[in-house]
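Undergrad: This is what each chain is made of:
Number of protein chains: 4
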Amino acid sequence: MGIAREPLIFHPGPKLVYRQENETRTVLGINGMRIGAQAVAVMAGPCAVEDLFQMRAIAAAIKPLGISILRGGAYKPRTSPYSFQGLGRPGLEILAQVRTEYDLLVVTEVMSPEDVPLVAAHADILQVGSRNMQNFPLLRAVGATDKPVLLKRGMMSTLEEFMNSAEYILLEGNSRVMLCERGIRTFEPSTRNTFDINAIPFLQRVSHLPVIADPSHGTGRRDLVGPVAKAAIAAGADGLLIEVHPWPDRAQSDGQQSISPDELEQLMNDLRAVATAVGREL
Amino acid sequence: MGIAREPLIFHPGPKLVYRQENETRTVLGINGMRIGAQAVAVMAGPCAVEDLFQMRAIAAAIKPLGISILRGGAYKPRTSPYSFQGLGRPGLEILAQVRTEYDLLVVTEVMSPEDVPLVAAHADILQVGSRNMQNFPLLRAVGATDKPVLLKRGMMSTLEEFMNSAEYILLEGNSRVMLCERGIRTFEPSTRNTFDINAIPFLQRVSHLPVIADPSHGTGRRDLVGPVAKAAIAAGADGLLIEVHPWPDRAQSDGQQSISPDELEQLMNDLRAVATAVGREL
Amino acid sequence: MGIAREPLIFHPGPKLVYRQENETRTVLGINGMRIGAQAVAVMAGPCAVEDLFQMRAIAAAIKPLGISILRGGAYKPRTSPYSFQGLGRPGLEILAQVRTEYDLLVVTEVMSPEDVPLVAAHADILQVGSRNMQNFPLLRAVGATDKPVLLKRGMMSTLEEFMNSAEYILLEGNSRVMLCERGIRTFEPSTRNTFDINAIPFLQRVSHLPVIADPSHGTGRRDLVGPVAKAAIAAGADGLLIEVHPWPDRAQSDGQQSISPDELEQLMNDLRAVATAVGREL
Amino acid sequence: MGIAREPLIFHPGPKLVYRQENETRTVLGINGMRIGAQAVAVMAGPCAVEDLFQMRAIAAAIKPLGISILRGGAYKPRTSPYSFQGLGRPGLEILAQVRTEYDLLVVTEVMSPEDVPLVAAHADILQVGSRNMQNFPLLRAVGATDKPVLLKRGMMSTLEEFMNSAEYILLEGNSRVMLCERGIRTFEPSTRNTFDINAIPFLQRVSHLPVIADPSHGTGRRDLVGPVAKAAIAAGADGLLIEVHPWPDRAQSDGQQSISPDELEQLMNDLRAVATAVGREL
Chain A
4 MGIAREPLIF
14 HPGPKLVYRQ
24 ENETRTVLGI
34 NGMRIGAQAV
44 AVMAGPCAVE
54 DLFQMRAIAA
64 AIKPLGISIL
74 RGGAYKPRTS
84 PYSFQGLGRP
94 GLEILAQVRT
104 EYDLLVVTEV
114 MSPEDVPLVA
124 AHADILQVGS
134 RNMQNFPLLR
144 AVGATDKPVL
154 LKRGMMSTLE
164 EFMNSAEYIL
174 LEGNSRVMLC
184 ERGIRTFEPS
194 TRNTFDINAI
204 PFLQRVSHLP
214 VIADPSHGTG
224 RRDLVGPVAK
234 AAIAAGADGL
244 LIEVHPWPDR
254 AQSDGQQSIS
264 PDELEQLMND
274 LRAVATAVGR
284 EL
Chain B
4 MGIAREPLIF
14 HPGPKLVYRQ
24 ENETRTVLGI
34 NGMRIGAQAV
44 AVMAGPCAVE
54 DLFQMRAIAA
64 AIKPLGISIL
74 RGGAYKPRTS
84 PYSFQGLGRP
94 GLEILAQVRT
104 EYDLLVVTEV
114 MSPEDVPLVA
124 AHADILQVGS
134 RNMQNFPLLR
144 AVGATDKPVL
154 LKRGMMSTLE
164 EFMNSAEYIL
174 LEGNSRVMLC
184 ERGIRTFEPS
194 TRNTFDINAI
204 PFLQRVSHLP
214 VIADPSHGTG
224 RRDLVGPVAK
234 AAIAAGADGL
244 LIEVHPWPDR
254 AQSDGQQSIS
264 PDELEQLMND
274 LRAVATAVGR
284 EL
Chain C
4 MGIAREPLIF
14 HPGPKLVYRQ
24 ENETRTVLGI
34 NGMRIGAQAV
44 AVMAGPCAVE
54 DLFQMRAIAA
64 AIKPLGISIL
74 RGGAYKPRTS
84 PYSFQGLGRP
94 GLEILAQVRT
104 EYDLLVVTEV
114 MSPEDVPLVA
124 AHADILQVGS
134 RNMQNFPLLR
144 AVGATDKPVL
154 LKRGMMSTLE
164 EFMNSAEYIL
174 LEGNSRVMLC
184 ERGIRTFEPS
194 TRNTFDINAI
204 PFLQRVSHLP
214 VIADPSHGTG
224 RRDLVGPVAK
234 AAIAAGADGL
244 LIEVHPWPDR
254 AQSDGQQSIS
264 PDELEQLMND
274 LRAVATAVGR
284 EL
Chain D
4 MGIAREPLIF
14 HPGPKLVYRQ
24 ENETRTVLGI
34 NGMRIGAQAV
44 AVMAGPCAVE
54 DLFQMRAIAA
64 AIKPLGISIL
74 RGGAYKPRTS
84 PYSFQGLGRP
94 GLEILAQVRT
104 EYDLLVVTEV
114 MSPEDVPLVA
124 AHADILQVGS
134 RNMQNFPLLR
144 AVGATDKPVL
154 LKRGMMSTLE
164 EFMNSAEYIL
174 LEGNSRVMLC
184 ERGIRTFEPS
194 TRNTFDINAI
204 PFLQRVSHLP
214 VIADPSHGTG
224 RRDLVGPVAK
234 AAIAAGADGL
244 LIEVHPWPDR
254 AQSDGQQSIS
264 PDELEQLMND
274 LRAVATAVGR
284 EL
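Protein chains in written order, with the working numbering: chain A, 4 to 285; chain B, 4 to 285; chain C, 4 to 285; chain D, 4 to 285.
There are no misleading hints in this set.
Some chain C residues close to chain B (C-beta under 7 Å, calculated; not the full set):
#	residue
1	Thr161
2	Glu191
3	Thr194
4	Phe198
5	Ile200
6	Asn201
7	Pro204
8	Thr222
9	Leu227
10	Pro230
11	Lys233
12	Gly239
Derived DEER-like restraints, expressed as beta-carbon distance ranges:
#	chain 1	residue 1	chain 2	residue 2	range
13	A	Asp252	D	Lys66	48 to 54 Å
14	C	Trp250	D	Lys18	28 to 34 Å
15	B	Gly91	A	Ala124	26 to 32 Å
16	A	Thr27	C	Asn25	53 to 59 Å
17	A	Arg208	D	Gly282	28 to 34 Å
18	D	Thr27	A	Asn272	23 to 29 Å
19	A	Asn272	D	Lys66	32 to 38 Å
20	D	Gly282	A	Glu104	33 to 39 Å
21	D	Thr27	C	Phe56	48 to 54 Å
22	B	Gly91	C	Ser263	53 to 59 Å
23	A	Ser86	B	Thr103	42 to 48 Å
No lab work stands behind these hints, which were simulated from the structure alone.
Beta carbons are placed, not taken as given, at the ideal position from N, Cα and C, and that holds for glycine.
One chain only, chain A, in its complex shape:
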């Protein structure tokens, strides 16, 4: 009679992703940067690459703040087929050009296994988005590259499922994976998603991989990005992914959750203080 439920632990479980007793946490090296070490990494940029002018403006704004990873989407997974779908290949070329001009690392999303080589040729970090967290052919494809991967948690995925998806990548031989908490879907309508702050220390206990926080998608509201970014660092996050746009109100997507370069500058100061308080640096 009683009450049944599927077992929560899949067997044998994500064994490459799990952290063994007393095992130290992994530090990823990316072109000289170290993610998961003392310094908290910041990745900033617009939701979508719109044109070269916009991307240069952002690169010029973040570089002096000590931010060395530029984000921006060339391929955009959009709920509606009528929404802006990203520039595609020209967007990648803009990213690559700005990367060279400003000496930045670039993280950008790849949506399909067949696009992996092209994206890998233009970017330093491959992002697998929330909607593709269980796109297993894509996970295998990025796992077969030598590029670091930023894996975003599905908005509907448990932490167990999240770690299993990372396991697909590690199993292909690519162990440079970052786990990114970006908010989950709940009943609460005031915010776009509910940022799962518990996930940060939980993942750090259970897995050895670095954990990144995305307070922009995690809140969906510009005015909450700062407080939640500070919270994420206080909880132990190894990095942040922040949407910034030179003109947020004119952004082609996600403008309501993008902050301006001026707001980012102020935020970086605040974040630095919190990082210091928890024994990290920025």
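Given chain A's structure and the hints, the job is docking chains B, C and D onto it.
TA: Frame of chain A; chains B, C and D shown alone:
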């Protein structure tokens, strides 16, 4: 100040999927079968194709019950990389052989755009699974074929998002799309998913496409499949997708939600009575 | 290291509520009516008692349809203190008067332990609402009466918690309890709640108590009440709770989910056919 | 046709709770303490009052840490009627005795309107628990006292509903209300609840009332309490409610989320650093 939320309606909205005032609902023709008409369609078979012996056993069992669509997965999206991933191409060949031997239609899942031609060559209906409901390159790829598509709702996708995903397919020129409700993820642990019975009449009001119900995934418990299948027909479903296995306790996946051929035979009688009560037939 | 979770089964569990192996399901006798037996019970009426004229209109409408239980709220739990809070005691007196005039049974909500004697003096069935499912002093108070209790599931309560709440009532000596599924809170915004159709057969397996369905709150949309009511009966529900209002568009609360007496008459015919199809009657 | 939803804003809305443009946030005075001002308040103690020995041990442990508010439940709302229900009145007397002996303020839960005078006579702050957030008679009863109220968010309640519940209290004339975020129910099983970090800055923008965080219920895991407590302060919380027990493994309830006095001492140092980093003190 107040409380913000993203607009629920995407603009211009899934206009090909929406039903216009007074528009009749669509009837899909598939090799002489008509889905969305008076008769409720039943699709039955195991979660995964395991071998020819198993598939012949199922085909031989469902054919005399008047069921003419056989389901079975050759490509299985699995949370863990260590779970059985399906037979792949040999699984498709088994499906195609049984299709010919028993004169059945076959529905099977395709997980990647590059597999679409191969799967389309072996099956009558292409299934896009829950985890791929927002795999937009895949939606475009099945939209470019002339095969009917069974699109399963994401386990944490709103009905608005579901219809937008269908819009991607229709926009490529393929209008033979069935919307499949298969349970959503909620806080309730007693059942694997919460079957969203409201979705059936809601989708039928808002969209002209046929609506299929999957009580097997919608409950995750063999003992609840029957009552929920009856409920789905009473609520107006145009078809059912039911997991049946000759030996449920030995199934390689989802055995706990599979019923036996004997149970299916009994269920078909019960379903027929309910269908008649709501002015349909089986 | 692994992943922890609170045990799902509380010990020793709701032992009075659980159904033992081979135990028959309970039939509640209420003034000659039998709930949980062959006949499906229908309880109908407005969300709130507004005045004598309205309640007489409803009573006159439902009586000829063979409906013998009238619902209506005198005490209304409302999210906002500025919303109509119900007539209170005068509302109870209207209910009692109409009960006598039309020879109907009355079910109405009680919100506070101190109101239990007053409500019990005017009604035949005490309703404990969703927001009070875990108001334990109230559960004990209704458990100490000799009145049948309609216990509504909390909108975000698990079935295990629901049964434990019923256990509080039975433990006080009152075993005439009906479990009412009325929809749960999920991420889906198209409907007010997600009616959990799985809960009906699940509760009937695990518990011996009758299970009632409330498709009005379960959908929140007038146009979905009929299909979901039919679904609930097909799934095995022992009764229905339906909001009906003589003038739904002028209702003081929940008008958007109330049907008219004419719609109810049509629905009763539809429900009768479904009940017959599953071996019940109406 | 389209997609309907109940309006998110209730009219006229919780006008006493909303913060007007340019309005400063409220500082509550409680016996000389000021909540909502520069200093972050910490309230600590066991889930349940067990005996005088236990409560003296806790009082003796927290007092030297600069913590001046002791928590402890005499009335415990428990899912199962077979779980420990609290000591009741003798528990209140223990609290009152320890309050005097150690010169601490006491916060404790009240579950029923009729218990309000008794609890108010023994405590400095009345707690309304999550399960009672929409127990409107109880809200009115605590609103009619002159005691400050700690209102916990329902585990299933939106922030809009939360503020409306506070409005019930303010409307009775009691404006000393603290809003306590304590985690919400989601699909994620790894943690007991999902702490909604977004709620802290959101409530502070929309309302003028102080916001308290409960990382113990918000995580349900002892090992996550510290990181989430730090996160809450970084996000701007005006206070913390922390479960501490002299012997967590022997606690009569919630032991798995209680920390020890030694852990609390270490945590207080960590929290002080974070408070300073965000311009507060502890």
